[in-house]
Structures are given as C-alpha cells and as structure tokens.
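Start counting at 1 in the sequence shown, then tack on 793, and there's your number in our numbering.
What the hints contain is simulated information worked out from the structure, not anything from laboratory work.
Note that the structure is a prediction, hence the values are computed from the model and not measured.
Check before you lean on any hint, since a few could be wrong.
Mimicking PhoX-like on lysine-lysine, the simulated pairs with C-alpha atoms at most 20 angstroms apart in a straight line are [unchecked claim]:
(1) Lys-1041 - Lys-871
(2) Lys-1041 - Lys-943
(3) Lys-1085 - Lys-1074
(4) Lys-869 - Lys-801
(5) Lys-871 - Lys-943
(6) Lys-830 - Lys-853
(7) Lys-856 - Lys-801
(8) Lys-869 - Lys-1041
(9) Lys-1074 - Lys-943
(10) Lys-801 - Lys-853
(11) Lys-801 - Lys-871
Listed next, with one range per pair, are the computed distances between beta-carbon atoms [as the list claims (entries may be wrong)]:
(12) Cys-1101 - Leu-1126: 26 to 32 angstroms
(13) Asn-1054 - Ala-1103: 19 to 25 angstroms
(14) Gln-1034 - Arg-983: 21 to 27 angstroms
(15) Val-1149 - Val-802: 27 to 33 angstroms
(16) Arg-1039 - Gly-979: 39 to 45 angstroms
The C-beta atom is built at its ideal place from N, Cα and C for all residues, glycine as well.
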Amino acid sequence: QSQQQRVKVDGQWREVWPHEWGMTLAQIRQMYREARKDQERPLLAGAIMHELVQDHIVPKTAKTGVGYALMVNETKPKEVNIMVSHAWSENAELFLRRLERSLSEDDVVFVCAFSLYQCEDGFGPTILQQLGVTASESPFRKVLEHIHRKMNQGLLTRLRPFLMALPYVVFAGTLTFYSCYIIYLGCVPRFDECYYFELDLDRFMPELTGGLTWKRKPVDPADSFAFPLVVALYVVGLLIQFVLCRWKIYYGYMLAVPNRNCDLYSRLWCVYEIFVATQMKVPVVLARTFVKAGYSDDGSPSRSATCCCAGDMERIRGEIEDWGDQVMGSQQLGYDLVDRAIHWTMRGARRQIFWVVLLFMWPFGMFMVIRSALIRDTIHLHTTGHVANVLGLLCAALMSTFVALLWTKRTQGRPRARVVASGGALLTLFGALANRFAVTLLPTADDDA
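Could you build all of it, start to finish, from the sequences and the hints given here?
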C-alpha cells in the first residue's frame, strides 16, 4: 500500500493522510515570494513548475520527510477541500495567477508539486511509495474520496451552492423590482420625493456637455412604500451574505488548470484525476483562464494521453477500461466516458463565461431602460424613439462584448495591447458618432403631428 507522510506531535510520530497535505493561497504566495528572493537560484519569469520544485521546494524540504504543504502546517495540518489538477511543464508564475483568479482565501488546496515529498533522499517516502502499487492507492484518489465523503455528509453541504447564490438572488430581485417601479412611475422614488431629469438631445453628448438637468416632484403617498421596501430587502441580502461568510460550510471540488505549454489532458495522471472525479461525482471546475484543454489529433484525449512511467500508464489505463466494462459493457467505452467528462468540463467553462456576460449585460440593460424612462427630452421623442434608442444601445453593447470575448478566446486570453487599445478607441468613436446622429433618425411627437 501507499506510504503516508509522518510528523512528530508531542514527541510522538503520527501518520498524516493525503487529505491533510493542503495549503492556503496565502501560503503559496509566500512560497513564491521566498523563491523570487532566493540569492542562489531566484525564480525567473519563464520558469516551469518542474524547475520551481527542483530549485526551491526540494532544498527546503530536504531531510524533513514531508512535502512543502505539510512542512509549513506541521503542527496543524490543513484539511483539503480542493484538488488541483495541473501539468509540471506549465509556467510557474502563470500557474499562481490562475490559482489567484480561481480560489478564495479560505480554500485549502492539494497541489501534487507542493504536497508530495519530492526529495527522494531516504528521509521520507519516495514518490513511488506515496503513489502506491495501484492507481487506486494514489494520494490523488484519496483526496477525491475525502472530498466525496465530505460533500455527502449533510444537507447543508449539498445545498451550499444554492445557499451561496441566495444573497445574489435577493439583490437581483430587489434591483429588478425597483427598476420596474421606476419605469412605472417615470421617476426615481425616495421617501417623499421622486427624481427625474431633462435631457437636451440636440447637444453633442448631452450628459457630458451640460445638457442634463435634474428635476424632482412629490411622490404619491400610495407609492411611498417602494423605497423603504427596497432598503429593507437590501439589508436582508447583506445579513444573509454576512451569515454565510461567518458560517463556514464545506465545499469541495477538483480545479483543472490548463496551460499554454502543453495540453493538460495529454498528461495521463490528469486524465486519471478527472476519471476519478467523474466516478465519484465530485464537481470539476476549470480555472479562470481562456487557455484551451482537451484537444487531440484523434479526438480522444484520454486514449492519446501518456505519462513517463510505463507501470503507471498500464495501471491507469486498466482502471479506465475496467470502469468502461462495468458501466458500458466495453473496455474501450471507458475512454469515451472520460472524454465526455473532459469535454463537459470545457463546455462548463464556456457556460460560465456566458453567465458572466449575462450578469454584466443585465444591469447595463436595466440602466438603459431606466434612463429612457426618466428622460424628459427637449425634442419630445416618441415612445417608439425611446424603445429604438434602448434597443440600439443594448445591441451595440452585446455585439462589442461578444466580439471582445471571441477575440480573447482566439488568443487564449492574451490579446495584443495595441489591438485592445485600438478596439476601445474605435468603440468610443463609434458610440459618440452614433449618439450624435441617432436623434435625427428617431421618431418624435412632432413627426406624428
């Protein structure tokens, strides 16, 4: 069986299992800072994960018998809630940035480069001893098994994603209600007054050139409930958010971190990790990056993936084929199940981008509708003109957002600075010109006369 790392507590040795070989994001940052300040071998911008381990982690953990994560948490090992799947040939600095974008400060992560004892110096278990005789004994599987057990221990743990979304639902519902009421009244109600503005649309960019004048009028007593209700709902949302932040509910998943140096799923151990996570129904989340993963020439990343140890390759492929035989009645269909999990993870990242765009566009759209409802313009635009103005602005914003997203995706998150600058300048110029000439095309009350 696989051997565990050991620490000395109160004069006695005790084994520490892989689900406690974790470290926080703050500890990872501190490790990187120390590596950059190293006098002999400072961590360079182009260094890969393998160089980080050999030049900094191995010297620090030599003769300790434990990995870096357990070394910095020897007196109080940290329970892992996120298993990180990554490749050793990726850029070390970019790996840190992707973790920072994807993790919270409270998360405790298992990263094999930092968690396993890498020294091979006889003072602790070797890498092979930690991996075990079979792939099912590996620390990767044990961590995922622990996450699976914790995720199914109680109702609150299973409901955590819905509970965490609750304050945002309250905020969104409150804003939508208030926006609809503003549109209904044609002004912004407060306790005893209602505000609107006049806009001189004959001016060029009237909001910036003095063509906007705020007005107010008394609010109808029957409508005075709206603003206090909105304030009360926002207070409720803040209280829910505060309680959820103070009340820690375990939430575990596997974080897959793609890179530009190699396809993440050309590495067989990464394929095995997503295979185990799929088996155990542990959520798999892609790190916040536009880098691609899961592409191969034959269309099956799990079949073409390799690893440096022939024994590991045979054991991992054997487990995948046995799973396919049990579930689908064919060994080769096991690879199809793993490929499906990989592609589902990548599609999940695209769905996440879609929701981010939607969440960005929704308040913008509400703002534009409210703006149109509040305008008392000097040229008396017809209702059709207001609707056309709003729809035009929304379509322009949507098109520019998706063009920017497609370009960023095409460059895998690294568009050139001059392209971004020129695109922003063109959009600004186009918006200013459209704002200037659109008024002549929109119908007014005078046109009806």
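Here's how the hints hold up against the structure:
Note on Lys-1041 and Lys-871: the hinted pairing holds, with a Cα-Cα distance of about 15 angstroms set against a maximum of 20 angstroms. For the hint linking Lys-1041 to Lys-943, the alpha-carbon distance of about 13 angstroms falls within 20 angstroms, and the restraint holds. With a C-alpha separation of about 23 angstroms, the suggested pair Lys-1085 and Lys-1074 falls outside the 20 angstroms cut-off, and the hint is violated. For the given pair, Lys-869 sits about 11 angstroms from Lys-801 by alpha-carbon distance, which is consistent with the 20 angstroms threshold.
Of the supplied pair hints, the one linking Lys-871 and Lys-943 holds, its CA atoms being roughly 14 angstroms apart against a limit of 20 angstroms. Distance hint between Lys-830 and Lys-853 is fulfilled; the C-alpha atoms sit about 14 angstroms from each other, no more than 20 angstroms. Distance check on the hinted pair: Lys-856 and Lys-801 sit about 14 angstroms apart at the alpha-carbon level, within 20 angstroms; holds. Between Lys-869 and Lys-1041 the alpha-carbon distance is near 18 angstroms, which keeps this suggested pair within the 20 angstroms criterion.
Simply put, Lys-1074 and Lys-943 have alpha-carbon atoms about 12 angstroms apart, close enough for the 20 angstroms limit, and the pair holds. For a cut-off of 20 angstroms, the pair hint linking Lys-801 to Lys-853 stands: about 18 angstroms separates their Cα positions. Between Lys-801 and Lys-871 the alpha-carbon distance is near 16 angstroms, which keeps this suggested pair within the 20 angstroms criterion. Hint check: Cys-1101 to Leu-1126, Cβ distance near 27 angstroms, so the stated range 26 to 32 angstroms holds.
Our hint of 19 to 25 angstroms for Asn-1054 and Ala-1103 holds, since their Cβ atoms are close to 23 angstroms apart. At about 24 angstroms, the CB distance of Gln-1034 to Arg-983 agrees with the hint of 21 to 27 angstroms. Between Val-1149 and Val-802 the C-beta distance comes to about 45 angstroms, which lies outside the given range of 27 to 33 angstroms. For Arg-1039 paired with Gly-979, a C-beta distance near 42 angstroms keeps the hint of 39 to 45 angstroms intact.
Against the hints set out earlier in the document, violations occur for numbers 3 and 15.
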